[in-house]
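Trainee: Make the full structure from the sequences, and use the hints.
Protein chains: 2
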Amino acid sequence: MIETSVCVKLANGSIVTPKGFKATGVHAGIRKARKDLGAILCEVPASCAAVYTRNQFQAAPIVVTKDSIAAHGKLQAVVVNSGNANACTGEQGEQDAFEMRTLTAQQFGLEEHLVAVASTGVIGEMLPMETVRGGISQLSPTEDEQDAFGFYEAILTTDLVVKKTCYQTMIDGKCVTVAGAAKGSGMIHPNMATMLGFLTTDANIDSEVLQQALRTVTDRTFNQITVDGETSTNDMVVVMASGLAENEPLHPGHPDWDKFFQAFKSASEDLAKAIAKDGEGATKLIEVNVHGATSEDDARMAAKKIVGSSLVKTAVYGEDANWGRIIGALGHSEAPVNPRTVDISLGDIAVLKQSEPQPFSEEEAKRYLQQDTIVINVNLNIGDFSGTAWGCDLSYDYVKINASYRT
Amino acid sequence: MIETSVCVKLANGSIVTPKGFKATGVHAGIRKARKDLGAILCEVPASCAAVYTRNQFQAAPIVVTKDSIAAHGKLQAVVVNSGNANACTGEQGEQDAFEMRTLTAQQFGLEEHLVAVASTGVIGEMLPMETVRGGISQLSPTEDEQDAFGFYEAILTTDLVVKKTCYQTMIDGKCVTVAGAAKGSGMIHPNMATMLGFLTTDANIDSEVLQQALRTVTDRTFNQITVDGETSTNDMVVVMASGLAENEPLHPGHPDWDKFFQAFKSASEDLAKAIAKDGEGATKLIEVNVHGATSEDDARMAAKKIVGSSLVKTAVYGEDANWGRIIGALGHSEAPVNPRTVDISLGDIAVLKQSEPQPFSEEEAKRYLQQDTIVINVNLNIGDFSGTAWGCDLSYDYVKINASYRT
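As given, the protein sequences belong to chains A and B, one line each in that order.
Per the numbering used here, residue 1 is the first one in the first sequence, and the count goes up by one each step.
Per the numbering used here, residue 1001 is the first one in the second sequence, and the count goes up by one each step.
Warning: the hint list may mix true and false statements.
What the hints assert, rightly or not - Straight-line alpha carbon distances no greater than 30 Å define the calculated DSSO-like cross-link-like pairs of lysine-lysine that follow:
1. K1366/B x K32/A
2. K366/A x K400/A
3. K1273/B x K1353/B
4. K1032/B x K1366/B
5. K400/A x K1265/B
6. K1353/B x K1066/B
7. K1353/B x K66/A
8. K366/A x K1066/B
9. K353/A x K366/A
10. K1174/B x K1009/B
11. K1353/B x K1366/B
12. K1066/B x K353/A
13. K1400/B x K366/A
14. K1066/B x K1366/B
15. K1366/B x K1400/B
16. K1265/B x K1009/B
17. K1366/B x K400/A
18. K400/A x K1273/B
19. K9/A x K265/A
20. K174/A x K32/A
21. K1009/B x K1400/B
22. K1353/B x K1074/B
Please keep in mind that the hints were generated in silico from the structure rather than gathered at the bench.
Mentor: Following this line, the structure appears as structure tokens:
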């Protein structure tokens, strides 16, 4: 099976499926009852790459993770807590994040610079360090699937479901696995906050090449989802590559590069879509495909503008084929459009062709909009580039969740 | 009273208070029962200025109004319908908008190029021209306050209240009046859509000077409100100046320029705030003041980012002093900030100083957030410029109104 496809999805795969990885999740006590501290540990110092929030207020754990990766471009462990974002916590917060790194390094017998730190939760409150210290001393990662599941749980906040994925492909005749876990039900939820993504792979690949690939993949996946158009202080995606699959080093000129890239992108896209679908209060996943744009950037920007529109989101929630809102959002984007050449369809139902309204059956459209996943296709008909973005509808529950979370 | 102040607000003033203006509003039948067609008529060809939506899909009436103003830089009448936006209606829609202009010019005995056209309502449906023709033939503007009120009503869509304002000031010893009417409860509502603003004044002022002033005022008022971060295809603000106050021509070097500018800005700000406060589903007006920025543009941009944040809006709705959301939105804006020097207060309650969380009474904050108008003050402490933006909270009713409006 693997040989005939670019890559295959492993329904039972997990972040410990790639060779060399262990994981765990525990209840330290930062949150009342749920798991709140997790770690991924690699047998060897792994090649690594990371992307961070563009928010100008970057949280303390981001400072620490950047410091670690800057040292040698390698990571061997990542420690993550939920329940407290350690953001806007000043000097003390930074000291706390560095202490998390030190303690985790000691617990696993590693050099400090091989440890990344991530946090998610309430902003502006100090980490309960006694609790965190006790939690770190309990961390004992294994290759057991149950422990991987413990990690998935430990990183959640307002999420309703765990988010995981796993792909395999053949590279140089070796089986290479890419897996990932994520949390997030919105771009920013300063109460119970943030999007975090963790990818593991046993591919043999240099950190620099991995960083390039991560940036490209992130632009097409994690950066193309939006729940409420906002960006947390703590967003982070980290990937670790153990190299234990023993393929020849991967780079864009490698004959099997496309297979690796596809597995990497598929894993990231799965996690990104899972986050969008689990958006706070969401009842539907919305996918917007923009074709015929003058550049890929423009296509992605236009798709994201549409999927981020409060009025498109409420119309989808209301199962209302209100294409005027799609046009409104598109015209408000900075991507160039020709107001006379736009096609729009909801799934297969054409509602606008060459900017002229098309007759369509409201009942058929309503039936389509009752699905779990709504696909909006837009063709600008002015170029050859395409882009996709994912989001969710805007429901009463989004307001409910966010109106009263902190108090 | 007038002599001692820069300008005074006339509680009973209306768009027909400035010398030379008449108005009317009728029920043509575009909407079921409410007034849906209105006009303002000036005794003389008036100096004029207009600003339009930046949406790339500009509706047909905008094409027509631009054509009118381009001819001689004068307007003598504006005709407005609600219930149908005449947007995304192709060639036929443009013909219909031009016909509205022709018929209105005939009705009032004017040259065509002296008539502006505006529309607001559902997108993508053709104007019912038989109904519009019948309506225009009923238009008979007067100086009566009742008819001015008819105009205010005829331009509304999802608005809950009419929006009007009037200021007077003394220029060259003459009494000059600036008045205005507006509609809009969101930046875009392609069902029942759009922000429209109409200002009348009897000031003697050239169209070019008026256009400059309108652009400056719009940047500080109408462009600084947001309900849902979107921009309609039909947004338009038009100002007509009859010159009948007989002051010396106004320009920025005129000794009384500041008084005129203040009256003009105050009238625009009143209308802008009234629109924000009447935002779909809104229960509160939110004002965000950003101080200490490195430029006025940056201050305004940061203020607008905060007031437009769904998470800030839901927190205000929930009366939750969740300042982490304010920081999150601020850091996500493109205005430069120093993450270590930010002050934030809710009204007079300081919650952040030099980026360090401040202890405050949750009860006191809750009491403050129960008011009708919430003021968020942010000081970036990196420059000398300030900017303000206005918006509203995000409630269950916003979702309700927008989930099911069209069907």
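Trainee: With the threshold set at 30 Å, check whether the alpha-carbon distance from K1366/B to K1400/B stays at or below it.
Mentor: With Cα atoms ~26 Å apart, K1366/B and K1400/B stay inside 30 Å; holds.
Trainee: For a C-alpha distance cap of 30 Å, please report whether K1400/B and K366/A respect it.
Mentor: Holds, because 17 Å separates the two Cα atoms, which is no more than 30 Å.
Trainee: Next pair to validate is K1353/B with K66/A; report whether the Cα-Cα distance is within 30 Å.
Mentor: holds (27 Å)
Trainee: Next pair to validate is K1265/B with K1009/B; report whether the Cα-Cα distance is within 30 Å.
Mentor: holds (12 Å)
Trainee: Would the pair K1174/B and K1009/B pass a check requiring their Cα atoms to be no farther apart than 30 Å?
Mentor: OK: K1174/B and K1009/B at ~16 Å, within 30 Å.
Trainee: Hinted pair, alpha-carbon criterion (30 Å max): K400/A, K1265/B. Please report holds or violated.
Mentor: Since the Cα atoms of K400/A and K1265/B sit roughly 37 Å apart, the hinted pair is violated (cutoff 30 Å).
Trainee: Please work out if K1273/B and K1353/B have their alpha carbons no farther apart than 30 Å.
Mentor: Between K1273/B and K1353/B the Cα gap is close to 28 Å, so the pair holds against 30 Å.
Trainee: Please verify whether K353/A and K366/A have alpha carbons no more than 30 Å apart.
Mentor: Judged against 30 Å, a Cα distance of about 20 Å means the pair holds.
Trainee: If you draw a straight line from the CA of K174/A to the CA of K32/A, is it 30 Å or shorter?
Mentor: violated (44 Å)
Trainee: For the pair we were handed, K366/A and K1066/B, check the Cα-Cα distance against 30 Å.
Mentor: violated (38 Å)
Trainee: Verify the proposed pairing of K1353/B with K1366/B, using a straight-line Cα cut of 30 Å.
Mentor: holds (20 Å)
Trainee: Would you check the hint for K366/A and K400/A, treating anything up to 30 Å between C-alpha atoms as holding?
Mentor: Holds, because 26 Å separates the two Cα atoms, which is no more than 30 Å.
In summary, the numbered hints that this structure violates are 4, 5, 6, 8, 14, 20, 21 and 22.
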